[in-house]
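Chemist: Residue numbers for the sequence shown, in mature numbering (1 follows the signal peptide of the UniProt record, and there is no 0): -21 to -1, 1 to 295.
Derived from the structure by calculation, the hints contain no laboratory data.
Think of the CB as a built atom: it goes at the ideal place given N, C-alpha and C, for glycine as much as any other residue.
All clues given are correct.
The following label-pair restraints were derived from C-beta to C-beta distances:
{"#": "1", "residue 1": "Ala142", "residue 2": "Thr50", "range": "50 to 56 Å"}
{"#": "2", "residue 1": "Arg165", "residue 2": "Gln259", "range": "33 to 39 Å"}
{"#": "3", "residue 1": "Ser124", "residue 2": "Gln4", "range": "17 to 23 Å"}
{"#": "4", "residue 1": "Glu95", "residue 2": "Gly148", "range": "30 to 36 Å"}
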Amino acid sequence: MPGLRLLLAAPLLALVACASAPPVQVSAHTWSQVDQAIASASREAEDQARQYAVAAMGRWLLLVQQQTEATFIPWFSGYWTQQWLGVRVSWYKLGGDEVERLAAYLQEEYREQVLEPVAEDISPERIQRGALRIYIRQLDMRLQSMAARHGVPQPQFEARLDALPAISGPPDASLLQLLRADPLERLPAYAVLLERVQVSPGGDWSSDPGISLVAARTSERLVDEMATSGAASALSALLGRAAGGALSLGVTLLTAVTRANDRPHSEAQLRLGLQATLEQESQALLRSREHGVMAGVWQLSGQIEQGLGRPFIYRP
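Could you put together the complete structure from these sequences and hints?
Modeler: Shown next, in the form of structure tokens:
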């Protein structure tokens, strides 16, 4: 019987021993290797996100250029559009800020005719969010087997991820919280990050300096043309209704002929100006660390890198 009691008690003693066993001690050297592996995984995920962003921005630029060529340039250089813009200049002159107001009108038209239709398919805002998702997904994939490779118990590895800041707030979010958020949009800190790095205030970058400059130069040309029409109107009042009307008609016809002759040149100027502006804008959106398409990725990776620079001590 004593032997039987010992036999029955053995499993219980084993369970008690396991329950009271101290956690596996992970050496500082191992944690250093883990941190280096996390940093490497972050860089690889960042590279994947950047490859996507570069390719997507190239596609966006191509579609915007095609939409500009097919829609905006023919609309802008059309005779009736030019006449309507002339009417607007006359109206704006009452406020003394005709160049600025006409430029704003042209920018709004460009947004409605070009940027919004293209945005239904692709936009810098969508590319920015896509790059973020790719970075998070690629990083998560690389972290899946990392604990086992380095002989670190999973709870301790998750504690390490939870100690790494991913989003600075308030509200804050750790790397573990970011990886476990499903969907991402339900994580309050993620919404704060998106707001912080949005491509442009209010989501409308059509007023960037390049497009504004093209619109301003175009507006100045139209205002100069209206000065000729204004002189004709003044002379019309002096010569009388019939003669003045004939003069105004002559100026209108001359302006129409001149515009028709100048149309290829005007289109070429507008095309070159917009093309240069769009290419500069595309590169700026790829480079900007504050509001570019990679801004969110760089903020995440930067926070993680800073956290990896601080030593970690596991406390159960």
